[in-house]
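K.L.:
Residue numbers (UniProt numbering): 1 to 206.
These are calculated hints, taken from the structure and not from any lab test.
A hint or two may mislead.
Cut-off 25 angstroms, straight-line C-alpha distance, at most; resulting in silico cross-link-like pairs (SDA-like, lysine to any residue) [said to hold, decoys possible]:
id, residue 1, residue 2
1, 71, 45
2, 71, 102
3, 71, 50
4, 71, 81
5, 71, 88
6, 71, 51
7, 71, 93
8, 71, 59
9, 71, 91
10, 71, 95
11, 71, 110
12, 71, 52
13, 71, 96
14, 71, 86
15, 71, 82
16, 71, 58
17, 71, 55
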Amino acid sequence: MEFSSLAALLHSPLLLAVLVLVFSWLIVSSTKKRPPPPCGDGGRRLPLPPSPPGVPLLGHLPLLGTLPHRKLRSMAEAHGPVMLLRLGRVPAVVASSAAAAEEVMRTRDLAFASRPRVRMAERLFYGRDMAFAPYSEFWRQARRATVLHLLSPRRVLSFRGVREQEVAALLDRVRRRCGGGGGETVNLSDLLMSYAHGVISRAAVP
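Turn these sequences into a full structure, and let the hints guide you.
P.N.:
This is the structure:
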C-alpha cells in the first residue's frame, strides 16, 4: 500500500509543478545574484573581462571537459589572455599569457593576494591556518615564521638526514617489489607520495 502511494505521488502533477518552480527559481537566482563589478578610484564600475557563454547553475564547469588545459587554451584564443569563468557560483579570472600572469602575480600581487573565505577550513582550523587565511597581518606573520623557521637554508640543511633516510626507504621498497623477478610493474606515484608524506611529517614533527 505504501509503495503504491509513493508511486502515485511521484506521478502527481502537483509534484511536477513544484519541481519546475524550484528549478526555475534556482536558475533565476543564479543569474541575478551575482556580485557587482569592482569600482575604480573614481567610483565607476570597472568592466569585467570577457566571458564565454555558460550553463545556468553550473557556469562554465561543463565546458572544461576532461582536458581542461586544452579547453582553456581554446577559450583564451577566442576571448583573450584574461577572461572570466564562473565555476558554479564562484567567479574566477583566468590569466593565460605570460604578460597577464606577471601582472597578476608580480606587478599587482597585493590586489590578488587574498582568497575567499572557506567555512569548512574555518571550522577545522579555527581561522589559525595559513593556507586558507585571507591576506592580513596574521597571514604575513605566519608566512614570515614559516620562511624563517621551516624554509630557511639552515633549517632545510638540518633535514638532510631525514631526506636521506626516506630516500633509502623508498629505494628499498622499489628493490623489494622488483626482487621477485616476475616483471611486476612498480607504481612510482604511490611510492613517491609516501616518500613526500614521510619527509613532511618528520620535518614538521621532529
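K.L.:
All the hints need checking, so say for each whether the structure fits it.
P.N.:
To see whether the hints hold, each was checked on the structure:
1. Distance hint between residue 71 and residue 45 is unfulfilled; the C-alpha atoms sit about 30 angstroms from each other, more than 25 angstroms.
2. For the suggested pair residue 71 and residue 102, the alpha carbons sit about 22 angstroms apart, so the restraint of at most 25 angstroms is met.
3. Pair hint residue 71 plus residue 50 holds up; C-alpha atoms about 16 angstroms apart against a cutoff of 25 angstroms.
4. For the proposed pair residue 71 and residue 81, the alpha carbon gap of about 13 angstroms is at most 25 angstroms, so the pair holds.
5. Of the supplied pair hints, the one linking residue 71 and residue 88 holds, its CA atoms being roughly 17 angstroms apart against a limit of 25 angstroms.
6. For the proposed pair residue 71 and residue 51, the alpha carbon gap of about 14 angstroms is at most 25 angstroms, so the pair holds.
7. With a C-alpha separation of about 15 angstroms, the suggested pairing of residue 71 with residue 93 holds against the 25 angstroms cut-off.
8. Between residue 71 and residue 59 the alpha-carbon distance is near 15 angstroms, which keeps this suggested pair within the 25 angstroms criterion.
9. Taking the CA atoms of residue 71 and residue 91, the gap is about 18 angstroms. The hint holds against a cut of 25 angstroms.
10. Between residue 71 and residue 95 the CA atoms are separated by roughly 14 angstroms; this keeps the pair inside 25 angstroms, and the hint holds.
11. The suggested pairing of residue 71 with residue 110 is violated, with an alpha-carbon distance near 29 angstroms, which exceeds 25 angstroms.
12. With a C-alpha separation of about 12 angstroms, the suggested pair residue 71 and residue 52 falls inside the 25 angstroms cut-off, and the hint holds.
13. Between residue 71 and residue 96 the CA atoms are separated by roughly 12 angstroms; this keeps the pair inside 25 angstroms, and the hint holds.
14. Proposed proximity of residue 71 and residue 86 is supported: the alpha carbons are some 15 angstroms apart, at most 25 angstroms.
15. Distance check on the hinted pair: residue 71 and residue 82 sit about 14 angstroms apart at the alpha-carbon level, within 25 angstroms; holds.
16. Distance hint between residue 71 and residue 58 is fulfilled; the C-alpha atoms sit about 16 angstroms from each other, no more than 25 angstroms.
17. Taking the CA atoms of residue 71 and residue 55, the gap is near 16 angstroms; set against the 25 angstroms cutoff, the hint holds.
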